[in-house]
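Each chain, written out:
Protein chains: 2
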Amino acid sequence: MSGKLYGIGVGPGDPDLLTFKAVNILNNVDYIFAPKARDKDSNALKIIKDKVDYQDRLIELSFTMSKDKNKLNESRQQIASKIEDKLLEGYNCAFITLGAPCLYSTFIYIKEILKDREQLLEVETVPGVTSILSCAAGYNLHLVEAGDDLAILEAGFTEEKFKNILDNFNTVVILKPTTDLNNLLNILENQGLQDKMLLGSKTGFSDQFYIDNIDEIKKSKINYLSTLIVKKEGI
Amino acid sequence: MSGKLYGIGVGPGDPDLLTFKAVNILNNVDYIFAPKARDKDSNALKIIKDKVDYQDRLIELSFTMSKDKNKLNESRQQIASKIEDKLLEGYNCAFITLGAPCLYSTFIYIKEILKDREQLLEVETVPGVTSILSCAAGYNLHLVEAGDDLAILEAGFTEEKFKNILDNFNTVVILKPTTDLNNLLNILENQGLQDKMLLGSKTGFSDQFYIDNIDEIKKSKINYLSTLIVKKEGI
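Chain order of the listed sequences is A and B. Using the working numbering, the first residue of the first sequence is number 1, and each one after it goes up by one. Using the working numbering, the first residue of the second sequence is number 1, and each one after it goes up by one.
Hints in this document: simulated from the structure, not taken from any laboratory. Do not rely on the hints blindly, as some may be mistaken.
Pairs involving identical chains hold if they fit within one copy or between any two copies, as the list cannot separate such chains.
Stated by the list, open to error - Derived DMTMM-like pairs (lysine to aspartate or glutamate); straight-line CA-CA distance at most 20 Å:
| no. | residue 1 | residue 2 |
| --- | --- | --- |
| 1 | 163 | 189 |
| 2 | 231 | 154 |
| 3 | 86 | 122 |
| 4 | 71 | 207 |
| 5 | 51 | 16 |
| 6 | 82 | 195 |
| 7 | 176 | 74 |
| 8 | 196 | 145 |
| 9 | 69 | 85 |
| 10 | 82 | 122 |
| 11 | 115 | 145 |
| 12 | 232 | 154 |
| 13 | 196 | 112 |
Using the sequences provided together with the hints, build the complete structure.
Here's what the structure looks like:
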């Protein structure tokens, strides 16, 4: 009988924002797969290390960061095969992912690849606290109250698209702002939002910081793991 | 010296989706405030009851469900005063809320009222797993992968607004669908989305269920605590 695969959201960075469910499962599976970018430590692994004794059960996975779609797909297929092998041997496995598995996680690729293959494998997804929520919480900021809607965007959009979205949404969360920072800051200034925004860098991690000033952002070293919140009514 | 107020997200329903941080704080504060609609048990309280011994520390708060804005505001002001009194007496207090405090929670009103008052009170918000995330996870569904954006709407919108949003978003999450269900289902049918949606009722609670068929939704008794996910590419 095949093992079961758990996609586990380990939250935004603070180990205390792990859920009981995540830790229970991680302490009981046979193998824990931890994704990492080549040469860097796995952020997800840092989060669980004090609550989960993963010695001898850890398998680190180096995802290619290539922009070449074929190479990306090949790397994901290989990783999926590695996981599939363990499952077919009957082992229960967990794949850990920052934040929540259903939002922009590498687990999505793995689960979709396995779904397309012949073997019918049991999968369970365990949600976690996302960086969006920890960014807002760490500033005691609310994103939306009754009557409001929320847009969550990846940086890299055009000003025209952003204007269209601002017509319909009072609050916009922008993820991965460093991938398109100059363009993004220009758009915010053009739209008169330069003092109606908050950037949280690595919120949930111990080295988190916040900036609510666009000039300060330009001067700062912002981590890839950051979140930008725009509120038309101000922060 | 005044006490500190914690706004605690207790997650979507499953007690195991509580975070360690939430439980640690709840086990250490002097008072726990639990919001409830008159005559109903507090859902947030049900979630914590097995992990937190709140006996003698619990203060239940009955929020008015009136549609009269003055009455609503009056009720919230009274509740904020009740909490403020305990804080000014030096007690550390927690206010528990379903899901995450920054998304459509009653904690938002309390924190904003206290911010406007003269007393400077220390507030800390603790994020939790939201029903949106548990709805997706329970179906092994992902909401967005790299390159996608996400819209989160409260039911009650016009078809024109929804069409405009569909132009920009492939995935739309609709909260509180029961408040405007017939209109909402008509809009989804008009837009050809009747088989590209998933409704999760009370996801995270033990009596959760899913429906991915619009005719089935029409025949079912859907709980107020439900989430509807629309994906243009299908579920």
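Evaluation of the provided hints:
Proximity of residue 163 and residue 189 under a CA criterion of 20 Å is satisfied intra-copy only: 12 Å inside one chain copy versus 28 Å between copies. When the C-alpha separation of residue 231 and residue 154 is checked against a cutoff of 20 Å, the pair qualifies both within a copy, at 16 Å, and between copies, at 17 Å. Proximity of residue 86 and residue 122 under a CA criterion of 20 Å is satisfied intra-copy only: 13 Å inside one chain copy versus 49 Å between copies. Within a single copy, residue 71 and residue 207 get their C-alpha atoms no closer than 33 Å, and across copies no closer than 44 Å, so neither meets the 20 Å cut-off.
Taking identical chains as interchangeable, the C-alpha atoms of residue 51 and residue 16 lie at most 20 Å apart whether they share a chain (9 Å) or sit on different chains (15 Å). Taking the closest pair of Cα atoms, residue 82 and residue 195 never come within 20 Å of each other, the shortest separation being 48 Å inside a single copy and 34 Å across copies. For the identical chains of this complex, residue 176 and residue 74 are neighbours neither inside a copy (24 Å) nor across copies (41 Å), given an alpha-carbon limit of 20 Å. Taking the shortest Cα distances, residue 196 and residue 145 sit within 20 Å of each other inside one copy (17 Å), while across copies they are farther apart (27 Å).
Within a single copy, residue 69 and residue 85 get their C-alpha atoms no closer than 24 Å, and across copies no closer than 59 Å, so neither meets the 20 Å cut-off. In this assembly of identical chains, residue 82 and residue 122 lie within 20 Å of each other by CA distance solely inside one copy; the values are 16 Å within and 49 Å between copies. Within a single copy, residue 115 and residue 145 get their C-alpha atoms only as close as 37 Å, which misses the 20 Å cut-off; across copies the closest is 16 Å, which meets it. Within a single copy, residue 232 and residue 154 get their C-alpha atoms as close as 18 Å, and across copies as close as 18 Å, so both meet the 20 Å cut-off.
Taking the shortest alpha-carbon separations for residue 196 and residue 112, only the inter-copy value of 17 Å comes in at or below 20 Å, while the best intra-copy value is 38 Å.
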